[in-house]
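Visitor: Chain by chain, the residues:
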Amino acid sequence: MGTIEKSFDAGLHTEQLRGRTQQTFFSSTEEENFIYPYNGFEVDIDKKTEFDAQDLESSEINLKIRSLMKEGYGHIVVKNPRAKHSIGVGILNRLSLEFEGSLGYFGCGLVDGPNIHISGRVGWSFGENMMAGTIVVEKNAGSTFGAAIRGGDLVCKGDVGSRTGIDMKGGNIIVGGRTGTLSGFMMQRGRMIVLGDAGPNLGDSMYDGTIYIGGKIDSLGVDAVQSEITDLEIKWIERKLSLYGLEAPNGASKLQKIVAGKQLWNYDNLEPSEKKIVL
Amino acid sequence: MTTKNDELVPEDLGTEREKEIGQHIGYRYDVNLVPDYERLTPFLKKYIETMGWEDLNWLEDVHMGYEEDRAAVFDRNINGWVTVPEEMALPDNQQDRDMIARELLIKFQMSKRHPMVLLEETYGKF
Chain A
1 MGTIEKSFDA GLHTEQLRGR TQQTFFSSTE EENFIYPYNG FEVDIDKKTE
51 FDAQDLESSE INLKIRSLMK EGYGHIVVKN PRAKHSIGVG ILNRLSLEFE
101 GSLGYFGCGL VDGPNIHISG RVGWSFGENM MAGTIVVEKN AGSTFGAAIR
151 GGDLVCKGDV GSRTGIDMKG GNIIVGGRTG TLSGFMMQRG RMIVLGDAGP
201 NLGDSMYDGT IYIGGKIDSL GVDAVQSEIT DLEIKWIERK LSLYGLEAPN
251 GASKLQKIVA GKQLWNYDNL EPSEKKIVL
Chain B
1 MTTKNDELVP EDLGTEREKE IGQHIGYRYD VNLVPDYERL TPFLKKYIET
51 MGWEDLNWLE DVHMGYEEDR AAVFDRNING WVTVPEEMAL PDNQQDRDMI
101 ARELLIKFQM SKRHPMVLLE ETYGKF
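Note that the protein sequences, when read in sequence, are chains A and B.
Everything in the first sequence is counted per my numbering, starting at 1 for the first residue and increasing by one.
Everything in the second sequence is counted per my numbering, starting at 1 for the first residue and increasing by one.
Simulated from the structure, these hints should not be mistaken for lab results.
20 angstroms max Cα-Cα, derived EDC-like pairs, lysine to aspartate or glutamate:
#1 Lys70(A) <-> Glu121(B)
#2 Lys46(B) <-> Glu31(A)
#3 Lys257(A) <-> Asp223(A)
#4 Lys112(B) <-> Glu31(A)
#5 Lys235(A) <-> Asp30(B)
#6 Lys45(B) <-> Asp96(B)
#7 Lys139(A) <-> Asp197(A)
#8 Lys70(A) <-> Glu120(B)
#9 Lys46(B) <-> Asp96(B)
#10 Lys45(B) <-> Glu31(A)
#11 Lys157(A) <-> Glu247(A)
#12 Lys235(A) <-> Asp96(B)
#13 Lys47(A) <-> Glu49(B)
#14 Lys169(A) <-> Asp223(A)
#15 Lys70(A) <-> Asp44(A)
#16 Lys46(B) <-> Glu103(B)
#17 Lys79(A) <-> Glu98(A)
#18 Lys46(B) <-> Asp46(A)
#19 Lys169(A) <-> Asp75(B)
#20 Lys46(B) <-> Glu42(A)
#21 Lys48(A) <-> Glu49(B)
#22 Lys112(B) <-> Glu42(A)
#23 Lys112(B) <-> Glu32(A)
#24 Lys157(A) <-> Glu238(A)
#25 Lys257(A) <-> Asp30(B)
#26 Lys235(A) <-> Asp55(B)
#27 Lys169(A) <-> Asp30(B)
#28 Lys216(A) <-> Asp159(A)
#29 Lys257(A) <-> Asp231(A)
#30 Lys64(A) <-> Asp44(A)
#31 Lys45(B) <-> Glu32(A)
#32 Lys70(A) <-> Asp52(A)
#33 Lys235(A) <-> Glu54(B)
#34 Lys235(A) <-> Glu38(B)
#35 Lys235(A) <-> Asp36(B)
#36 Lys70(A) <-> Glu50(A)
For reference, chain A alone in the conformation it holds in the complex (with noise of 0.2 angstroms):
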């Protein structure tokens, strides 16, 4: 069958005006299975391997994971990645990876599932778009840290720099230190514990999620409030931060919530009128 009746096929020239549901629904009778049919590896975790990326380009690393994924190992190192830039990144697999050194701008973007930690620093872009997994950075990171981040843990003990979570959709990002100005800028959905200060226009034009503070606010956006947190939410966040061995300064109940304040939630209310002058 050629591409394009298979596109045909499959719904995709199809319009749907009203609501985006999928016609194939949930079935009761799908087998257990927790990998991905597409692009997904069967890997033993338990089988371990290292390799050193010393003179290797930053796609010949990211080739190299893969086919060690096809070869069903579960657990990578890379040595010396030399602060490459873009490496780590498309992983749509469970898979422990570890950096040991520091790595470039973009790096580990777009993964889904795997455990990933970085012995260094990592720079601009890191875990952007992450969808699924967590990934630890025991020093600092760069700006825009999990920029655009949809889902996943990803956790720099250290400082970060500014617009961290710009855009996020989801997730979690846990920051050790501190982080710098106009962070969860356009956030959007998802949560962001930061353990020390934050800089200027924390939460800037935010449309939904969380932001916790454990230490000193310089300003907050447009739009960003204070708000109470609940008991469910300081459970949540000291679990949370155990799993990375972090604390709050002064106990999670202490920490500063911001949320939304509401205030720009107009694109639902822009609609009809944009209708009526189209019309």
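Chain A is fixed; fit chain B onto it per the hints.
Guide: Then chain B, alone, in the frame of chain A:
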């Protein structure tokens, strides 16, 4: 026992607002509700263990909402709502509904019937 955190958002399905804007509002739940780990299902426990995680990870952001007049879960991989079978009895609190939503979503995403399977076969480059 249902607590304040578990309360279901009123099912004001088919509201004037929806008619006015000509589309359904599926997010009738608190997106910021964090999971209550005492309510994990055995299936989810097994999934977490398989993935090598200590908690629900990305599933913390999965909640049960509505599509048209049916309970549904949003699948980010297809950018669409997937409807819960009508015959399935649902609990009366959001926390337990969310656990069911997470379980159903995993089963759907890992199924060979998932639309991404055909998409990958058709357009996959690797």
